[in-house]
Structures are given as structure tokens and as C-alpha cells.
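Trainee: Same order as they appear, the protein sequences are chains S and W.
What the first sequence shows, in our numbering, is residues 1 to 685, in sequence order.
What the second sequence shows, in our numbering, is residues 1 to 244, in sequence order.
I should point out that these hints are in silico values taken from the structure, not numbers from a laboratory.
Just so you know, not all the hints are guaranteed correct.
[What the hints assert, rightly or not] Which bits of chain W does chain S cover? Going by a derived footprint, with three or more residues having C-beta under 8 angstroms, they are:
#1 70–78
#2 122–129
#3 171–185
[What the hints assert, rightly or not] Incomplete in silico selection of chain W near chain S, CB under 10 angstroms:
#4 ALA91
#5 THR135
#6 SER139
#7 LEU205
[What the hints assert, rightly or not] Here are some, though not all, of the chain S residues that point toward chain W, as calculated from beta-carbon distances under 8 angstroms:
#8 SER144
#9 GLY169
#10 THR170
#11 GLY172
#12 GLN315
#13 PRO320
#14 GLY445
#15 ALA683
#16 GLY684
C-beta: ideal position from N, C-alpha, C; glycine also.
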Amino acid sequence: MRPETNRSTITAVALASLLTVSACASSGSSSDPAKPPAPETMAEMYGTDADPAGRWSPGDPTMAPTPDPRVGLSAGLLDAGEAIWNLSLVSATPPPADFIGVTNSDLAFSGNYVIQGNYNGFIVWDVSNPAAPVLVKEYVCPASQSDVSVYRNLLFVSGEGMGGRLDCGTEGVDEAVSPERLRGIRIFDISDIRNPVYVGNVQTCRGSHTHSLLVDPKDSENVYVYVSGSAPVRPEEELPGCSDLRPDEDPNSALFRIEVIQVPLAHPEQAEIVSSPRIFEDLVAPPQHGPAPADIRAIEEAVAQGKFVANVMGQQFVLPDGFANQLLAQTVSARGGEGAPTAADSATLRENLDDIIVARFGGGDDGETDGDGPRPGPTQCHDITLYPEIGLAGGACEGYGLLIDITDPVNPKRIAAVADSNFSYWHSATFNNEGTSILFSDEWGGGGGPKCRIDDPLEWGADAIFTIANGSMDFQSYYKMSAPQTSFENCVAHNGSMIPIPGRDVMVQAWYQGGISVFDFTDPANPVEIAYFDRGPTDGERLGAGGSWSVYWYNGAIVSSEIARGLDILELEPSKYLSANEIAAAKSVKFDHFNVQGQQMFVWPATYSLALAYVDQLDRSGEMGADHAARMRSALTTLETAPASERQNAFMNMASHLDELATDNPASAETLTALAGTVRELAGM
Amino acid sequence: MRAPGVRRTVAALFLLVGTAITTNLTEAAAQTDGTATQTALSPAEFEAVYQARIDSSRMRFTEADVEFVTGMIGHHAQALIMSDLAPTHGASQSVQTLAARIINAQKDEIALMQQWLRDRGQPVPMVKIDGLDLTIEMSAPDGEMEHDMHAGHDMHSGEDHMMPGMLTQEQLEELDAAFGPEFDRLFLTGMIAHHGGAVTMVHELFAVDGTGQDEAVFKLASDVQVDQITEIARMELMLEQYTD
């Protein structure tokens, strides 16, 4: 046994004895007969019967069921086959009649209400009982994509499509230039959510594909809306001041900028654009994280096969065999020889290959970039996730992921940028709770394409996870829902949110008809899927529209906007990856409203579930022996009902020992310290 | 309402359920006081309403929309011809990756655009690629070839109706004759112009009255625009490596 292991074991034993003492000390107190006995072993906690073949082992990323039950699901609009793992489907509610067959889009949450965007307007559901959502209001006011956000009594809805009307009419707009057209932000007063009042609009040059709501902690008078629009710029005749010239030709160009709308809370009808920050200024050649894994593999394979690889201007070129043979023959004749090339000829060629390629084909130094085309760099963002509590935003902007300082809401400033050769179109960003990692998604193909077929690379249409340190972002890994889907199912990374599992970075994400995937990226270099839900295609004969547009955790429920099928509500089920205590701790975090693009920090109230969740994590990681963990659980459960003074003493002792343990066990120090803090708070209750 | 017995509790195991959950199908009618009520629709009724709504959404297109989609199929097809050359012309790994993604993306979009036309009872361009040669035959929506209409309509090389950004046959031949870094440079230069042409086509589409009212064509055109602008920026950065 290694000395350091020995030491921590000894400390753990010391803690265990303490806990035993504490538990004994309180044994005389009455215990709640309704409370189930604390589980003693991993087997009791997680149940081993689910794993008769012993296929699963902790930390093994291949633990998902095999073969993957998401493959081969039968098609159907309302009767498709379903595969579900570590989740339960609590309700599936179709849209009201006027919204059937029209795309359901994004979600926002306020109190017990879910507001679901739809290309035909928006729908308000009361989800007080997640098993039976109640329709509260359907508001017909067509505009794609009807991205929604809510703050207090205000509801904001994005309009981008050509058919959106100022008067909410359903007839569309037939003229290319029309005073009737709405492309921008609609504002509703939902003081009475059953009777939303349409109070105003802010028209923007590119319309609003999405928007993000910034609640500035320093400004109680206003909220800010960051508008992202990706469609072409409107004609100036329709909206004065709109220009799609390059900024060097027209300083007021609507390209290469975002729009910031200030909304006075007392007078939302006075909302207006207050700045158009050019956050892309001087953005050239962002740092890449090097060649993609697939590219590196291709080169390595070529080298392993003895192929000739030229290295010219930082790019590697694998020579086709025929061409390499030609060059070899020339090498032979250059030395005055004849016949088959020798090993020496190969070596000579390899040595001179780069120069030969440059001499023969040039380095391309006569090339010129076309001065008339769009200049490099994004002209817009698709989505910006604002996280005011850490003063940062993540911008998913065409070919770039940006880190933006938003401490001054009207004047956001770019502080870092990344690009990725595997990313087609940067779609959205999600921070982990601490703001130490950021996940960007790639909506390759725009969401209408079937990008999860078995031959579609796992690096394409995926998430890319970066760590954030000292204002820069470092690539760690890709994550893609890995169950191959049919060519009838549109599938690519889409909208998701963090789930407040204490001490872990767990996210739920929509993959359109690829379903819903829950994964853990606490280790940003090794994301692991821990739950999923998927249905078969909406149409079994052709590519149809459907699947989850957005799926977000809100106050204990996982709510999904199904494009064709309506509103789905799911719940997490305890599993080997996620204990009942961790789920209970997640459910203890409550928000009064939630917009995923305005990220709010999770703060966990000190509860017994939270303490037990940390114990479960120490147990799962093997940092705390199973029997020690069981004693710890037993102590916590018993002390919950012990007299206050007794509880206080025992918990303060427990906390001190956990702190000592943390000092001795750097690997689990964070969890031990968090547990100590929780126990200290419990002592004071 | 869902039958309570249908609720599934899943702990550390998966259930593969062949039959869908019983859904609480609702039909809501907004009342004058602003409240809404839910009335059950049977699954068959729901599917009927769904199909009717999808069908009616396919009635809002214009001739300009059809011309755009029809033309873009041929435009995309030339991108496939160019990209198909990358593996055999000593392209760098990064250009090969880009070319592979263009092939994947534009093949899918061609299929999507063909479906869009078929759904609207329009002739569907069928793409035939033979090396550098591209032939587009117009097929009736039911799949019958319309040999008498546009049979053998040739989309390439300096013809009268060159779409913006299309390479001439001579430019394609020049690309085909290039290798390694020279191929990369010509490919990137050509594809930047080609993508730029697609963006121009989108702008021209939206300048016509009545276009883009069909959400599918609005999304298609917007996606083409934003995806290709993004790719142009990436290719310009790649090209800079050869010009520094």
C-alpha cells in the first residue's frame, strides 16, 4: 500500500469512528418511522439487479445499454416507438388546434407557467402538475421563429420570417418592401397571463432569429435584449437606416454587429435600440485547437501505410500512390539509375518531398483574396448566452465562439475567440455553473438535416467543450448524441440547459429527432451520456420535421418543446450515475423565472439531500469507502431528527473532520469541503 | 388524460416501448375572456389536422421561390463536382475535410430542395454528375422524366443562364489539372466565388415580392446564406495561408 493511500485510509477510519459515535449519541432520540432506512451499500443505493451481466462499472463511459435501443425505433406522429433510459416521461401534450402542424420552437418559464414559442405565435401552459399541463392561453401572432423570453410582467418574442405582420395577421406579407412587416422583437405585457397585451415592437435590420435577455444586477430600471438575426438585411425602404454594405463602405452597416435594446421596465413601449456593438471588430485568424482528430488520424494512417506526406505551408498533403510512384521513378532517373526504386530512393524522395511539391505546384503565393466578397469573420451571432453573475457572455457567431465581457450591458466587449475546423455553424453557448467551462453547439445544416446518420462524423454537428481560464478558452472535447438516427430524422446539436446537480456539470440537450440526451461534462475532456429519451421518426417514408427543439431543466422538471408533437415533460430517475439524493438536491434549486439564454447561477440551499448527494458522490468516485459512506448517511439521517444541541455539536465535529479529510485528499477536496460547508449550515438550523 | 398505469419508472435500466404513451390530446378554443379550454382530439383527428396544416403550408410559394430552389439544386451540384476532386488531387487534410463537409451538406440540401419541389407539384431537377460534366434532367413530380421539356438541359460552362458564382467549364478543367497546394488555392478561390454566388441568389430572391412566405423556403434560403457566408470566412482564412 502506498503511503498516501494509507494516510487517507487512516483518516477515513478516524472519521468513520467519529460518525459512529455521533450516531450512537443520537440513537436515543426518536426517529421518523415514515423515513426509509438509509441504504447501506452501493447495491441498495443503485440496485444491482439492473445489471445482471455486470456490464456496467463506475467510470466506464460504455455503460449505456447495448445494443442502443434508440436505433430502429418505429415511425409515427403520435405512435412512434420510444426508447428511454434513466428518465421517465411524465406527460406528452399535443398543441392546441391552431398550432398543430406548425413548428413549436423555444421555451421560457415564469412561475408555474411554460411559454412555448410556435411559428404561429405562442402557447402558455400551467405545469403546476407536470403530469397534466393545462392550456392557459394560445396567442396567434405568426412569425418564425418565435423565440421567447420572459421577465416579470414582460414577454419578448422574436420575429424573423418574411410573413410576420405588425398586426399579428395570418395572411403574410406579399410585398418585398412593406410597412406591415414585423422583423424584430415583439413585447407583451403578461401581468394577466390569461390576457397578454401587445405593448410594442422594436424592428431590427436583420429581424430577430433569437434574442437574449440581460438582467443587469446593477440596473433595476431596465432590462436589455441582445438581438441576433441571421437572415438577410432588410431593404432601407422598409426600415430606414438598414444597410448591407460592408462597414468600410458604410459605417452604419447592419453587418458585423449585434443590437442591444434597452427596455424600461416601467415603460416597455419605449423600448429602443441603444447600441450596435461591433464585437467582431478586428477579429481575424482566431486560435485553432489544431487539426481535428479525424484529420490527424487520416495523416497518421497514411504515414503508417508508408505513404508519402508533403508538408507545405503548415498543411500536410498525402500523395496519391500513382503520383508518388511517378516521383519515385523521377528520383531513380535523377541519379542515373534504372528499374525499381530502392529504399534509398524512397528516403531521398521523402527528404526532398516538400521542396519538390513547392517547386512543381507552387505554394500558391500568386493567389489573391477577393476584395469584393464578405470579409472574414462573422457578420452576426446566432445566439448569445448571457451570464451576468460572472459578467460574461458566450457568443455563438457563425464560424466563431466568442467570450464577451458584459459588465457594461450597453457596451459588450469581446475578450476571446475560438474557431474549430470541425464546426460548421456555431449555434449556442452554455456555461457550467462556475463559469470555468463553456459548451458551444454546432447546428450543422441548420437543424433541418439528418446529421446523425451512422456515417456522419461524431465531431460534426456536435458540441465542443472548452475550459475558461484567464480570459481564454481551451478546447477539451466534442460531445455528440451517439445513437445513429435514420435519414428521415433531422438531427444535430440544439438547445439545452444545465441541470443543478451539486458539484457536477450535467446538461440536458435537445437533438431534434435524435431525442434528448443528458450528459455529464464535469471532466470537460471526457463527457459521458447518463440518460436519454428518443422517439422514432415522425414520418417513416421521408425526412419529416419533428423532435425536440429545446429541452430545459426548470424547477425539477425537464421540459421539452417537441416541434410536431407538442410539450413533453420528463423527470430524472435515479441511476448508477445519479443518485436520488443528487436529484433531490437539484430539485431544491428554484427560480421564479427562467430563460436559458440568460443564465442564472445555481445556489443550493443546505439540505440533508444536498449533504447526502455529496456523500453519494464520494462513494461513487471510490474516494470514500462504501461502508464509511453508509455510516455517514446513517448519521445524517439520524441527526436530522435529533435535538438541536446534539445535532449542532455532532455536525460541527463532523465538519471539522471533513475539512481535515479534504486537506489530506486533494482529489476529493472540493466535494469534501462542499459537504463540510453543508453540514455546518445544517448545524445552524 | 394519461392513464396512471402508463407512467414508467426507470431505475438504471432502459425500457424500449413500442407503443406510444397515451397522450392527452387537446383542442383548445380561445374564449372571449382570454381563457382557453382543452378538448380531446383522437389521434386520427390530430393526424388529419396535422396533415391538412402541412398541406396548406405548401400552397404559399411563388414562381420566384420555385426558380430559386430549382436553380440552387444545379448550383449545389457544381459544388459537389469541385469537392469530389479533393481526395484525388492531393488536397491538404483541411481542404479535404472542408470538401467532405460540403459534399455531405449540399447533397442533403439537394435532396431537401427536390422534396420541396415535389411536395409542391413542381418539376424536379435530377442531378447527374460524370467527372466534370453535370447534366440536369427535369423530372415530373411523380418521377416521370420530362424528356420533352428540359431534357439534357446543360447547366455548366459559359451557357446563357450562368448562375452567380458558377465556374466555367474551363475553370473546372483548370482545377482538375491542379494538384496539392495549387489545387487547394484554386479550390478555395473557386468555392469562395461559388458560395458568394449562392448568397447573391438569396438576396435576389428576397428582393422579389411575395417570396419567402413559405417558411420552408425562407429557412432554406436563410440557411444557405448564413452557412455559406460562414464557410466563405473560413475559406478566406485558409486561403491566407497560401498568400502570406
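Trainee: Under the constraints set out in the numbered hints, which ones does this structure not fulfil?
Mentor: 1, 2, 5, 6, 9, 10, 15, 16
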